[in-house]
Amino acid sequence: MNFPAVFSTALLMIWLFADFAQAGINTIDHQMTLRFDPGARALEVRDRLHIQGTGKVDFRLAASMVITGVKVDERKIAQIRHGNILRVDLGEGSSHVVDIEYKGLLSRMTERSGESGPAPLMASKNGSYLDSGSGWHPMVPGIAATYQLTMTLPAPQKAIVPGRLIKEETTAGQYRAVFKSEVPSEGIVLIAGPFSVEERRHGEIVLRTYFAPGLENLSAGYLDSTANYIDHYTRLIGDYPFSSFSIVSGPLPVGLGFVGMTYIGERVLRLPFIRFTSLGHEVLHNWWGNGVRVDYKNGNWAEGLTTFMADYAFSEKREQDKGKQMRTGWLRDYAALPPRRDHAVRSFISRRHDAAQIIGYNKVAFIFHMLERTIGKQSFSQGIRDFWTRYKFNTAGWAEIQAIFEQTSGQNLSAFFAQWIDRSGAARIVLSDIIQSVDRISFTLSQPDLPYSLEVPIRLQTTKGEEMFQAGIDGEASRVELPLSARPLSITVDPDFDIFRRLGASEAPPILRDTTLNTDTTVVFAGSNPDMEQTARQLAGKMLDGPAHFADYSMTAPLQGPLLIIGPTETVTQFLHERNLPSTPKTLLGRGSARAWAWRWTDSNGMVNPLLVVEAADNKALQSLLRPLPHYGRRGYLIFNGANVIDDGVWPSSSGPLAVTFD
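For the sequence shown, this note's numbering gives the first residue as 474, with consecutive numbering after it.
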């Protein structure tokens, strides 16, 4: 399952709105009292803001919120409002108190509300989500604020916001809680639901689960895992920076991280592997992203570093080859990315689509892997600790990261960071001109594209065993010479995929993502059933990383470019045959209720294009794929019985053009 973490939405919102921040505002503190009835979707708020500043200030407040009163220093003022902007004139003086009272009706939350990411303001008796960047409370873009919130909800509803829990009680059928911020925040997320709360103290840290009815039996395991992650990262980085960590369940099928808390969809929480993978990612964000804040104007490093120290590290720990498999998967993902969707790491801000994840999560994590190999594990580990010590509760960017690792390693890393952070693309390496003598073997490593400065691992297999070498290359062509102690059997360049490079076609067999990432993909519904066609359109919309462009099944014009073919098995088989497209692989024929498989095909212009076929027994079988199939972009094929995957995998790959076997 693809379970990307998204954290601190407000940070991104503020970065986007930073140009509108008022220079006359220095600090803001919210003293907020709210009444929230999720069943009625009704919110009433009184916000008293203590502001250090002067002049006119534009507050961002959702247009759906009806303002019932505004005062400045106890003096009522007329509203000046345009959409979601409320303008208030503070007047002269440097310290002011602004009272804003308002109410609003929130959108209805359903289980499907968050399938394309959380909507800003949603409420229901089963769960509510008020996004930190939605404007549910007054905020000044670009200004981080402190706050204390007093919240009242009808029992059994409970609510949580990031911060220290000061007080909590349920009396006369009303739940009341007071939270106080621990660090200034650009926006506040509020999550509510009919939660059962379990609490455990881990040293000075309060661990909590806010779980919906029926999930209570999962609490102990999640609390155990959270405590273990906090201990693990405290050893690696430094002390956990907040007073608590809470795991909050909800109806939305997402995973979201905030200061001292994470929101995880109820169905996702039940998956047995989440505790051992995604939960650690969310805990780690309290160091990277929430503890050390991201300088978004210079790119987002936090998602990649968190992926490297959580997802990738867990993978390496589970099994020796898992790290290599994950790196290979990242390179295959990158191979599926159309060149026009590639961009420099520095321009990554957040994951808005799969293409952004390939750069901001995968490639950045790979860069940290290469950095660790370049400076050594000891210098890298020291750099991580020093980075935390120096920038805890401050903002840092790529320049600060570079400076820290240069200091701990004693190396000049300017070239490393320039080529991997400021350039788009990947290294392309070609092995050629192998010459063998009695005691030497030499060959050329060339870079047909713009060259990178690389330390290339080389594995030489001889009759006496395996030897590993490193070759430094930095130009269009470099001649490498290695000593021979015995007869060579094979030579492999970058055997463990330690360099972020473009894979050869044989190293990157077809995967679903080849088609779904390409915005030029043409979709064909190969069938005549209108209900099944509607399902096919829904499925294409969920799978493709862009708008779905459908072509008529009966068209006679030649097919071109990437193709996604969806339909009933019989007519799909006929369509593939009539159009001289690859037929269903024999290993998949007749298995399960539906099959999805990736391949490549050559059009009339001789261009090789990705092909993705989804064939199902009937409309019910196709409908069963709507939820699971979009999460399997790295697979080459899948077989389903209903919504359950009964077989999946990646098509076999060869050793590729960077490996040569000698006779």
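Check the hints yourself; a few may be wrong.
Below, computed lysine-lysine pairings styled on DSS-like, alpha-carbon distance capped at 25 Å [as the list claims (entries may be wrong)]:
(1) Lys598 <-> Lys544
(2) Lys576 <-> Lys544
(3) Lys797 <-> Lys865
(4) Lys795 <-> Lys850
(5) Lys795 <-> Lys770
(6) Lys549 <-> Lys576
(7) Lys598 <-> Lys529
(8) Lys640 <-> Lys544
(9) Lys529 <-> Lys640
(10) Lys937 <-> Lys1015
(11) Lys653 <-> Lys790
(12) Lys529 <-> Lys544
(13) Lys795 <-> Lys865
(14) Lys640 <-> Lys653
(15) Lys549 <-> Lys529
(16) Lys850 <-> Lys865
Distance ranges between label pairs, derived from CB positions [said to hold, decoys possible]:
(17) Lys795 <-> Gln552: 39 to 49 Å
(18) Thr500 <-> Leu578: 27 to 37 Å
(19) Glu792 <-> Gly1019: 29 to 39 Å
(20) Lys795 <-> Arg740: 21 to 31 Å
(21) Gln880 <-> Arg743: 37 to 47 Å
(22) Thr506 <-> Glu792: 31 to 41 Å
(23) Thr707 <-> Arg1052: 26 to 36 Å
(24) Gly849 <-> Gln504: 44 to 54 Å
The set of hints was computed from the structure by calculation and includes no laboratory data.
Quick reminder that beta carbons are idealized off the backbone N, C-alpha and C, glycines included.
Here is how each hint holds up against the structure:
1. Lys598 <-> Lys544: violated, 33 Å
2. Lys576 <-> Lys544: Satisfied, since the Cα-Cα distance of roughly 16 Å is no more than 25 Å.
3. Lys797 <-> Lys865: Status violated; Cα separation ~32 Å.
4. Lys795 <-> Lys850: Status holds; Cα separation ~19 Å.
5. Lys795 <-> Lys770: Given pair lysine 795, lysine 770 is violated - Cα atoms ~34 Å apart, limit 25 Å.
6. Lys549 <-> Lys576: Status holds; Cα separation ~18 Å.
7. Lys598 <-> Lys529: violated, 39 Å
8. Lys640 <-> Lys544: violated, 28 Å
9. Lys529 <-> Lys640: violated, 35 Å
10. Lys937 <-> Lys1015: Violated, at roughly 53 Å.
11. Lys653 <-> Lys790: violated, 38 Å
12. Lys529 <-> Lys544: holds, 14 Å
13. Lys795 <-> Lys865: Violated, at roughly 32 Å.
14. Lys640 <-> Lys653: holds, 10 Å
15. Lys549 <-> Lys529: Since the Cα atoms of lysine 549 and lysine 529 sit roughly 16 Å apart, the hinted pair holds (cutoff 25 Å).
16. Lys850 <-> Lys865: Holds, because 22 Å separates the two Cα atoms, which is no more than 25 Å.
17. Lys795 <-> Gln552: 39 to 49 Å: 58 Å Cβ-Cβ, so the 39 to 49 Å window is violated.
18. Thr500 <-> Leu578: 27 to 37 Å: holds, 32 Å
19. Glu792 <-> Gly1019: 29 to 39 Å: Given about 35 Å between the Cβ atoms, the range holds.
20. Lys795 <-> Arg740: 21 to 31 Å: Taking Cβ atoms as reference, lysine 795 and arginine 740 lie about 25 Å apart, which means the hint holds.
21. Gln880 <-> Arg743: 37 to 47 Å: holds, 45 Å
22. Thr506 <-> Glu792: 31 to 41 Å: Since threonine 506 and glutamate 792 have Cβ atoms about 52 Å apart, the given range 31 to 41 Å is violated.
23. Thr707 <-> Arg1052: 26 to 36 Å: violated, 59 Å
24. Gly849 <-> Gln504: 44 to 54 Å: Distance hint for glycine 849, glutamine 504 holds at roughly 50 Å.
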